[in-house]
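Sequence lines, in order, name chains A and B. Just so you know, we're using this note's numbering here: the first sequence kicks off at -5 and counts up by one. Just so you know, we're using this note's numbering here: the second sequence kicks off at -5 and counts up by one.
Bear in mind the hints are in silico, worked out from the structure with no lab data behind them. The structure displayed is predicted, hence computed values, not measured ones.
Where chains are identical, the list cannot tell them apart; a pair therefore holds if satisfied intra-copy or between any two copies.
Derived lysine-lysine pairs resembling BS3-like cross-links, with alpha carbons at most 30 angstroms apart:
no.: 1; residue 1: 264; residue 2: 125
no.: 2; residue 1: 288; residue 2: 85
no.: 3; residue 1: 85; residue 2: 290
no.: 4; residue 1: 145; residue 2: 122
no.: 5; residue 1: 28; residue 2: 193
no.: 6; residue 1: 275; residue 2: 122
no.: 7; residue 1: 264; residue 2: 290
no.: 8; residue 1: 85; residue 2: 275
no.: 9; residue 1: 290; residue 2: 145
no.: 10; residue 1: 145; residue 2: 288
no.: 11; residue 1: 145; residue 2: 264
no.: 12; residue 1: 125; residue 2: 145
Protein chains: 2
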Amino acid sequence: MEKPYVLGLDMGGTNSVLGIVDARGHVLARTSIKTQQYTDINDYIAALYDEAMKIIEPVGGIEMFRGIGAGAPNGNYYSGNIEMAPNLPWKGIVPFARLMSEKFGIPCHVTNDANAAAMGEMVYGAAKGMKNFIMITLGTGVGSGIVIDGKVVYGHDGFAGELGHTVIDRTPNARICGCGGRGHLECYASATGVARTAKEIISTTTKDTLLRKLDIDNITSKDVFDAAEAGDEVAKEIFDYTGTLLGEKFADFVTFSAPEAIILFGGMTKSGHWIMDPVVKSMEEHLMPLWRGKVKVMFSDLKEADAAVLGASALAWE
Amino acid sequence: MEKPYVLGLDMGGTNSVLGIVDARGHVLARTSIKTQQYTDINDYIAALYDEAMKIIEPVGGIEMFRGIGAGAPNGNYYSGNIEMAPNLPWKGIVPFARLMSEKFGIPCHVTNDANAAAMGEMVYGAAKGMKNFIMITLGTGVGSGIVIDGKVVYGHDGFAGELGHTVIDRTPNARICGCGGRGHLECYASATGVARTAKEIISTTTKDTLLRKLDIDNITSKDVFDAAEAGDEVAKEIFDYTGTLLGEKFADFVTFSAPEAIILFGGMTKSGHWIMDPVVKSMEEHLMPLWRGKVKVMFSDLKEADAAVLGASALAWE
Chain A
-5 MEKPYVLGLD
5 MGGTNSVLGI
15 VDARGHVLAR
25 TSIKTQQYTD
35 INDYIAALYD
45 EAMKIIEPVG
55 GIEMFRGIGA
65 GAPNGNYYSG
75 NIEMAPNLPW
85 KGIVPFARLM
95 SEKFGIPCHV
105 TNDANAAAMG
115 EMVYGAAKGM
125 KNFIMITLGT
135 GVGSGIVIDG
145 KVVYGHDGFA
155 GELGHTVIDR
165 TPNARICGCG
175 GRGHLECYAS
185 ATGVARTAKE
195 IISTTTKDTL
205 LRKLDIDNIT
215 SKDVFDAAEA
225 GDEVAKEIFD
235 YTGTLLGEKF
245 ADFVTFSAPE
255 AIILFGGMTK
265 SGHWIMDPVV
275 KSMEEHLMPL
285 WRGKVKVMFS
295 DLKEADAAVL
305 GASALAWE
Chain B
-5 MEKPYVLGLD
5 MGGTNSVLGI
15 VDARGHVLAR
25 TSIKTQQYTD
35 INDYIAALYD
45 EAMKIIEPVG
55 GIEMFRGIGA
65 GAPNGNYYSG
75 NIEMAPNLPW
85 KGIVPFARLM
95 SEKFGIPCHV
105 TNDANAAAMG
115 EMVYGAAKGM
125 KNFIMITLGT
135 GVGSGIVIDG
145 KVVYGHDGFA
155 GELGHTVIDR
165 TPNARICGCG
175 GRGHLECYAS
185 ATGVARTAKE
195 IISTTTKDTL
205 LRKLDIDNIT
215 SKDVFDAAEA
225 GDEVAKEIFD
235 YTGTLLGEKF
245 ADFVTFSAPE
255 AIILFGGMTK
265 SGHWIMDPVV
275 KSMEEHLMPL
285 WRGKVKVMFS
295 DLKEADAAVL
305 GASALAWE
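Given only the sequences and the hints, what does the whole structure look like? Please build it.
If you want it as structure tokens, here you go:
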């Protein structure tokens, strides 16, 4: 009998979501564990396995599964390894596909989490029918999946598409990135980047702001969104600052692969027009004339968990 | 009879070189005209035609030619147009392939000049056998041709790979680019960019320098090279400044497509290690740890005129 299911794993810096996916792209069940809780990769995989079995047994056991597709930060499509991921607890080179495959007893394939999201978007989401687009994931980090001519770009070594680690600030005051670099886009446009921007702006402005009432060390983009909705000028300033930097880099990305669209995905997209408006304004200002008005910026239209899980699962059918 | 030849046109901001190429990639004859001398595109094509006939007649006339491949700034592979090229005398959209085809009576295909150089490098040069590399042309402007999975990247609209127009300086003092943008790499790493850097450094330093004896408005990278070879510290400083900026952007480019190599082409490559050393040092410093020591930076090993002419000519065989 043809095995009817695959597992899709979306490993983020914070959560790891595992879903059961059928051949029509439906996520039948999902479960999750906290990524940071396991400092040993074997403990992580053991915990994931235990959780997985709770949803696998009810659909007939592991015999019903063709394989596992995993999207992980710095996941390498060619080698199956996770290599030197700055936002994960495991340093160096982790032979993730092999370890998963040994534990679960079925084949496992790995890609970058953002590449997996791009595949999900192309097959099921906003990029359906597009052959050239860039997916930008705004989460714990800033990831990217680049699609050219209908194919995810892996590059010479399998690691292409790390646009969160391009430089946006070359000044001596630039923020230091988790990867050790300076002034990377990720230090400004990730969840922690936005929190840091909020903290900096709140502590230097004399303006009245709703955000001052919150614990300044734990402000989230959701808090900033709520304040902006309530008419808070400082909250708008935080989105303008973040969106302007993002849009400026998007103009750079367009010079590279001339995509039809840039698709935004992840927590910050919930901020809607507050983040979208400054992104588009800044991108258009910085684009070469020949691209002005030609490149769409869109939000993903897949449910956040589903895009990455579905995208990752697509690897297991291949 | 199978037509044995094609024409390859390398249109630069300064010179336009036309060559007769045979099926084995030999350039049998070449001629050239000055690009800037013709403010009307029809005059340009008429002049090119007259020059071309002087080398075409001796090999048997236009009947011996299968077609024309042209590499031109902002040349569009999909439409055959040259569109809004900042360094050419013709503004707006020029239907170049159609006009050439009508004048010469054989098919004409167009691509970006740097994409043509990348094709030449892949088929005949330093990138032979590589499937992922980036070609950077350092000439009147700074162009780029990006090859991923063995194919030139054209993007959604045919204009992908304009890396000279990525931003390296975001400060208020950033140089203004020919395209209207601010702080683009081209303003610093092109021939005019280097001349401008030389002028700025010479007029602000109190150091003794051989370059001060030259006409400060007409210093070339050749002059700077000669001075560096003679031990001039200011000349070295000019190359260090230029190379550091280039290397910094190269690190950004690597995050995009993870190439096996970045290949440098054009006038400045004659400066050899004076430019190469700071480029490599800066790129390595700015690369994410996972790419350090893995990406080659090389000079083109084709003769300067040949790479672009051969690359362009390859379009005519397709």
